[in-house]
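Trainee: Below, each chain spelled out in residue letters.
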Amino acid sequence: MEWLANFWATYSTLVYSVGVFALMALSIWLTLACGLLSLANAAFMCIGAYVSALLSLHAGWPFGATLAAAGAAPALVALVIGMPTLRLSGVYLAMATLAFGEVVRIVVLNLEVTGGPEGLNGIPQSTTGWHILAILAVVVYGLLRLQRSRVGRAFEAIREDEVAASLMGINVARHKLFAFVLGAVIAGLAGGLNAHYTFFISPREYGFENAVDILTMVVLGGIGGLAGPMLGAAIITLLPELLRSLHEFRGIVNGLILVLVVLFLPKGIWDPRRLRALFGLGPGRDPGC
Amino acid sequence: MSILRHTLLWTAALLAGAAGGAADIKIGLAEALTGGAAQYGVPIRNGFQLAADEINAKGGIQGSKILLVIEDEQGKKEEVINVFKKLIFQDKVLMIFGPTLSNSMFAAGPVANAAKVVAFGTSNTANGITDIGPYIFRNSVMESDVLPVTVATAVKHYKIKKVAVIYGNDDAFTKSGYDVFKKVLADQKIPVTATETYVKGDVDFKAQLTKIKATDPDAIVCSALAEEAANIMLQARSLGIKAPFIGGNGFNSPKLFEISKQAGDGTFVGSPWSNTNPDPANVHFVGAYKQKFGSEPNQFAAQAYDALHIAAAALKSIKLTGRLEADRQALRDALPKVSINGATGPFKFRPAAPKDGKPGGYDADQKPFIYILQQGKFNLYTGK
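Protein chains in written order, with the working numbering: chain A, 1 to 289; chain B, 290 to 673.
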């Protein structure tokens with residue numbers, strides 16, 4: 001038991017990060033499920049993190065209330081910028097959302113209240129494993145239910161063919177906006193949780209690189225289901241730590257593994273069809289050979 | 290389950306063996322060895338290695354050798370927290386040196402402070418670092434201790450009446466340098482004719498410099514990293530600006546004259562370390578560093594080298610019991626009393642003022658060296 005306590009003391013932050021980035025990956029997965037390639041989620045995470053941190057630091061709000069604000073603030077922003085930008089599609093949407101991300105970063109960098117490039121420090125450590133687990137569970141359950149619902153089916157129809165979907169009577173713009181705003185809520189919650197266990201946030205953490213990192217998690221894990229993004233988030237977060245003993249070669253091996261996975265598993269690691277095929281073959285064969 | 294238990298037992302046995310068998314003193318070193326901050330992290334690691342080798346060659350501390358457990362924190366906040374936790378809870382080090390950047394210390398310092406382990410920064414110059422708590426130490430001299438001296442010396446030398454300011458506003462280091470300059474200029478009642486900004490990655494500063502030129506300042510105060518500063522100097526001279534520059538800690542790099550050649554002549558810079566300081570401790574350090582690593586040491590290596598000697602002096606004054614928590618606490622209590630004469634000159638600690646009634650850590654109490662750039666070289670300013 002002492003070993004377990006020691007392990008938790010060493011790696012609790014890492015486990016928290018897996019949970020938070022699983023939330024981030026799910027938030028991008030949600031927009032992808034509706035056929036939107038949006039890179040704004042790192043910016044929504046940024047808004048959530050700053051809003052909740054500022055409320056904790058200056059207004060002294062309880063943690064639950066700051067988390068609620070961390071979800072609500074990016075949702076409002078997403079509603080405002082979503083209406084015009086979601087009319088774009090494909091790479092144009094990616095560009096618009098990328099630009100939005102830069103705008104957010106630069107605003108945070110130049111505001112007095114956010115501490116500019118020096119960021120905010122001394123944020124109370126309020127996040128516990130249970131908070132992350134509970135929010136992750138609620139989000140996963142909600143998304144599972146959503147997938148099976150009318151709205152989820154509509155998302156799928158929009159992703160497959162927008163025109164056909166609209167001819168079926170689906171309000172494409174509304175559904176897209178809903179996916180975008182819901183994704184922003186999840187990303188904002190992740191940001192709020194993250195700010196409250198790392199003591200410190202700065203605009204550097206929410207730049208273009210991070211937006212791409214989060215997208216990588218989803219692509220690596222696979223977009224077929226909810227398990228894929230979470231698996232991808234876990235791998236991308238844990239891999240550098242697992243490779244720590246390689247010292248200088250860590251970055252190279254880390255990149256190599258990602259390249260190999262994408263080359264040989266283009267649909268991501270969690271590909272239900274391939275797994276089912278593997279599973280179907282399994283019992284028929286002699287495990288010895 | 291039995292396999293798991295087996296593994297646990299083996300791991301425990303191995304850990305116990307590693308801790309009990311050797312009498313090494315384990316000291317953690319968390320620095321950015323890859324990524325953008327590696328340009329500071331690598332010289333820091335070299336400085337520590339040099340000091341550790343020297344201390345061990347002289348018989349170590351009361352017969353036990355210093356063992357550095359070196360980890361790369363990449364200058365990222367999650368990474369640095371993970372590294373700190375690994376060093377504290379798994380490697381069970383006595384104390385930690387690092388991290389490289391002030392921002393990383395804001396993220397990881399609270400972890401060490403809560404675990405009652407000393408975190409000793411050698412390169413964190415931001416204000417508020419030692420407000421984190423009583424286990425936070427640094428021997429890096431704050432900008433707010435260096436810049437007033439630099440500015441006052443330059444003002445006296447050139448009889449400066451008014452200055453212009455240029456700084457990078459999207460970088461934590463250059464922005465906090467600017468904040469200090471602003472306060473210093475206000476304190477010393479020197480009017481500012483123009484304040485211009487740039488962002489990281491800019492290469493053309495002519496627009497800002499043209500505006501500055503129009504206000505005809507006696508000197509240009511510049512909070513920038515070495516590469517940008519060198520470009521600013523070159524372009525200022527090409528625009529015909531003759532005013533000298535006054536710089537912050539970012540100027541302390543050989544890169545400055547590699548790029549600017551002699552455009553920066555007349556610039557005033559303050560630094561906690563001088564490579565030409567004739568003190569025997571410094572001459573020895575510079576020689577040994579060149580011999581071991583084949584390159585010129587810089588300020589960061591010198592501060593790292595001194596930091597380990599400070600810790601060694603504290604360790605020599607206490608008796609290690611082998612009980613980790615007691616030893617960590619004893620080291621923490623012994624550190625503030627240390628004073629040494631190292632590569633950066635005479636050094637002692639100064640307690641940080643308590644903030645909100647909570648006790649703070651310890652800052653460096655050291656006098657900076659003031660340089661003037663002449664013929665593309667840093668020369669110690671002697672007042673003539």
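Derived from the structure by calculation, the hints contain no laboratory data.
It cannot be assumed that every hint is accurate.
Taking beta-carbon pairs under 10 Å as the criterion, some of the chain B residues facing chain A (in silico) [as the list claims (entries may be wrong)]:
no.: 1; residue: LYS366
no.: 2; residue: LYS375
no.: 3; residue: ASN392
no.: 4; residue: MET394
no.: 5; residue: LYS405
no.: 6; residue: ASP434
no.: 7; residue: VAL438
no.: 8; residue: ALA441
no.: 9; residue: THR442
no.: 10; residue: HIS446
no.: 11; residue: TYR447
Examples of chain B residues toward chain A, derived with CB under 8 Å [what the hints assert, rightly or not]:
no.: 12; residue: PHE378
no.: 13; residue: PRO399
no.: 14; residue: ASN402
no.: 15; residue: ASP460
no.: 16; residue: GLU614
Glycine included, C-beta positions come from ideal geometry on N, C-alpha and C.
Trainee: Each hint should be assessed against the structure and marked as holding or not.
Mentor: Tested hints:
no., hint, result
1, LYS366, "holds (5 Å)"
2, LYS375, "holds (6 Å)"
3, ASN392, "holds (6 Å)"
4, MET394, "holds (9 Å)"
5, LYS405, "violated (13 Å)"
6, ASP434, "violated (18 Å)"
7, VAL438, "violated (23 Å)"
8, ALA441, "violated (26 Å)"
9, THR442, "violated (27 Å)"
10, HIS446, "violated (31 Å)"
11, TYR447, "violated (31 Å)"
12, PHE378, "holds (4 Å)"
13, PRO399, "holds (5 Å)"
14, ASN402, "violated (10 Å)"
15, ASP460, "holds (6 Å)"
16, GLU614, "violated (13 Å)"
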